[in-house]
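Novice: The chain contents come next:
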Amino acid sequence: MNNRYPRTLLIVVLFLFCMLPSLFSADYSQNYTGLSLEFQKNDIVQSAREKDYLSDNNINLIFIYGPEFSDPLRFRAGAGMYELSKYYINGGIELKIFEFLNSAHAKAFGLYLIGDLKMGLDYVDASAKAEVFVPVSSISGIQLGVGVQYGWKPFFCLSYSAGVYPLITD
Amino acid sequence: MLKKIILASILVALIMTFTSCSVIFQSQDGNLGYFPEASGQPVGSFSESKELWYVISPMLLNLNDTNLKLDELIRTGLAPYKADFAKDVKIIEGYTFFDFVISYFVPIIGRETITVEGEAYQQ
Numbered sequence: 001m002n003n004r005y006p007r008t009l010l011i012v013v014l015f016l017f018c019m020l021p022s023l024f025s026a027d028y029s030q031n032y033t034g035l036s037l038e039f040q041k042n043d044i045v046q047s048a049r050e051k052d053y054l055s056d057n058n059i060n061l062i063f064i065y066g067p068e069f070s071d072p073l074r075f076r077a078g079a080g081m082y083e084l085s086k087y088y089i090n091g092g093i094e095l096k097i098f099e100f101l102n103s104a105h106a107k108a109f110g111l112y113l114i115g116d117l118k119m120g121l122d123y124v125d126a127s128a129k130a131e132v133f134v135p136v137s138s139i140s141g142i143q144l145g146v147g148v149q150y151g152w153k154p155f156f157c158l159s160y161s162a163g164v165y166p167l168i169t170d
Numbered sequence: 001m002l003k004k005i006i007l008a009s010i011l012v013a014l015i016m017t018f019t020s021c022s023v024i025f026q027s028q029d030g031n032l033g034y035f036p037e038a039s040g041q042p043v044g045s046f047s048e049s050k051e052l053w054y055v056i057s058p059m060l061l062n063l064n065d066t067n068l069k070l071d072e073l074i075r076t077g078l079a080p081y082k083a084d085f086a087k088d089v090k091i092i093e094g095y096t097f098f099d100f101v102i103s104y105f106v107p108i109i110g111r112e113t114i115t116v117e118g119e120a121y122q123q
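So the sequence lines, in the order shown, correspond to chains A and B. Going by my numbering, 61 is the number at position 61 of the first sequence; the sequence numbering is gapless. Going by my numbering, 112 is the number at position 112 of the second sequence; the sequence numbering is gapless.
By construction, these hints were calculated from the structure, which means they are not laboratory data. On a predicted model such as this, the values are computed, not experimentally measured, just so you know. Cβ atoms here follow ideal geometry from the backbone N, Cα and C, with glycine treated the same way. Some hints here could point you the wrong way.
Unchecked claim - Under 10 Å between C-beta atoms, here's a sample of chain B residues computed to sit facing chain A:
1. S47
2. I92
3. V101
4. P107
5. I108
6. G110
Said to hold, decoys possible - Chain B stretches covered by chain A per the calculated footprint, using a threshold of three residues with CB under 8 Å from any CB of chain A:
7. 50-62
8. 93-99
With the rest of the complex left out, here is chain B (with noise of 0.2 Å):
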């Protein structure tokens, strides 16, 4: 019995440290996709945040799904240019002073900063 405990805790551990390691981008309705050969005048730079808000980790338990919505976060950069596409498209993820602080006082909930940066378009 005590084995089984052991070795149940060891593979929770393990599920808990492989987890805690990465994070799935994506787009909600396919709209995120690579094109090379679309060409158009470039507009400007956009550099949108959001939280995204989980449950020990976003891969265990996403509560707001930030990270497979990325496409809203595009076309909130977009709109004020009124572009058609975005190229040189950079996500980064991490943890604000205020994300961290949350984080740590809060324990179990845990909340991050999604930024998608890139260059606006018009065809």
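Looking at chain A on its own, in the form it has when it is part of the complex (with noise of 0.2 Å):
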């Protein structure tokens, strides 16, 4: 009795592998496009002890695109300020460990780690963190994550984050 179990699976699987070419239409852009407003907490520990959590903080704009050659690597840039006083550009890179889509083909939920560099005239920082995504609406959602700064310092970071596969109609 138990010996059916795997033809099914297996009948269930080709199934599955047949109807590939009709999920993923060509009527998708291979290549993704994110966007990401984040809010970044500096050095939590320090700051916890001396209870001051507005100071120490950075807000960032970045664009996110992933082309299908790189895939799961995505390419970010952007900018953003220290302190709301510092300016600097942002350029990095965010490695997709797994990432689900929903029917319009935008991110769902996701879990990423994600290299940045800052750069400004009187701003230096480079960082890695760690962020999952969880949605709130059909397209857009807030990402969580932790990581640290140069230094080994940690910080907290919270984003108001969107991506897609565009679609491309005629």
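With the hints as a guide, dock the two chains, each given alone in a separate frame, to form the complex.
Specialist: What follows is the structure, given as structure tokens:
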């Protein structure tokens, strides 16, 4: 009786395999496009000790582009400011660990590893972080992350984020 | 009290998460049907697109019901051919780059595009 299950499973897998061409229609771009507005609270250990939660933070607006050839690696470019006064440009890479898309091919859930380099006239920083995306609407969501800055200082990051494989219409 | 607030927040988050993942498609007046025995002469293919506006998710607050009026899109696609029915109908839902920018920068309000493609037939 139990020998029927592997055969059934095989049939289901074959069926799904046959469905693949129709599921991944050519109507969607194969290049990922995303945006992220990030708030980063730096050196959270020191801030918690001193109960100083409003200083030592960054705000960034990042454009994320993931061409098909580099998948699961995506590229990040944007700008930001430290403590609303020191401006810089931001470049980095994002590694998709796993990601689920909704029926409109927008990001629905995911886990990412991100490396960033911030460079300005009076501000330089490098950081690495892990972020998880949770949807709050059909296209956008909240991305929560933790990471370390240059000097192994831990930080916390909260982002308003969205990403899609855009629909291409004639 | 705090426990109730946390539970309510989790419930709201779960509802938003699940409603953000699905859209229902249907016709306005039941004109969308499956008739495998229908036969006719193929006269061409069509592709019609229309925007769908919503608040948070089409399942929560739909502003123009494009996903519920697919027969309108099919009828528009058949009109140039003076066709009677469509076969091999394909419904595609997604965000164009413009939809994406609007939906991202205008919080809560969202816009996506629904495309209906198919083959037009005359009887």
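Novice: If a hint holds in the structure, say so; if it does not, say that too.
Specialist: How the hints compare with the structure:
1. Look at B/S47: its Cβ gets to within about 6 Å of chain A, closer than 10 Å, so that hint holds up.
2. Contact between B/I92 and chain A, as hinted, is supported at the beta carbon level, the nearest pair being about 5 Å apart and thus within 10 Å.
3. The restraint placing B/V101 at the interface with chain A holds, with a minimum CB-CB distance near 8 Å, inside the 10 Å limit.
4. Interface hint at B/P107: satisfied, since its Cβ lies 8 Å from the closest Cβ of chain A, which is below the 10 Å cut-off.
5. Interface hint at B/I108: satisfied, since its Cβ lies 7 Å from the closest Cβ of chain A, which is below the 10 Å cut-off.
6. Taking 10 Å as the C-beta cut-off, the interface hint given for B/G110 holds, the closest approach to chain A being about 5 Å.
7. Counting residues of the stretch 50-62 of chain B whose C-beta sits closer than 8 Å to any C-beta of chain A gives 4, which meets the bar of three, so the coverage hint holds.
8. With a threshold of 8 Å between beta carbons, the proposed coverage of the stretch 93-99 of chain B by chain A holds, since 6 of its residues qualify and at least three are required.
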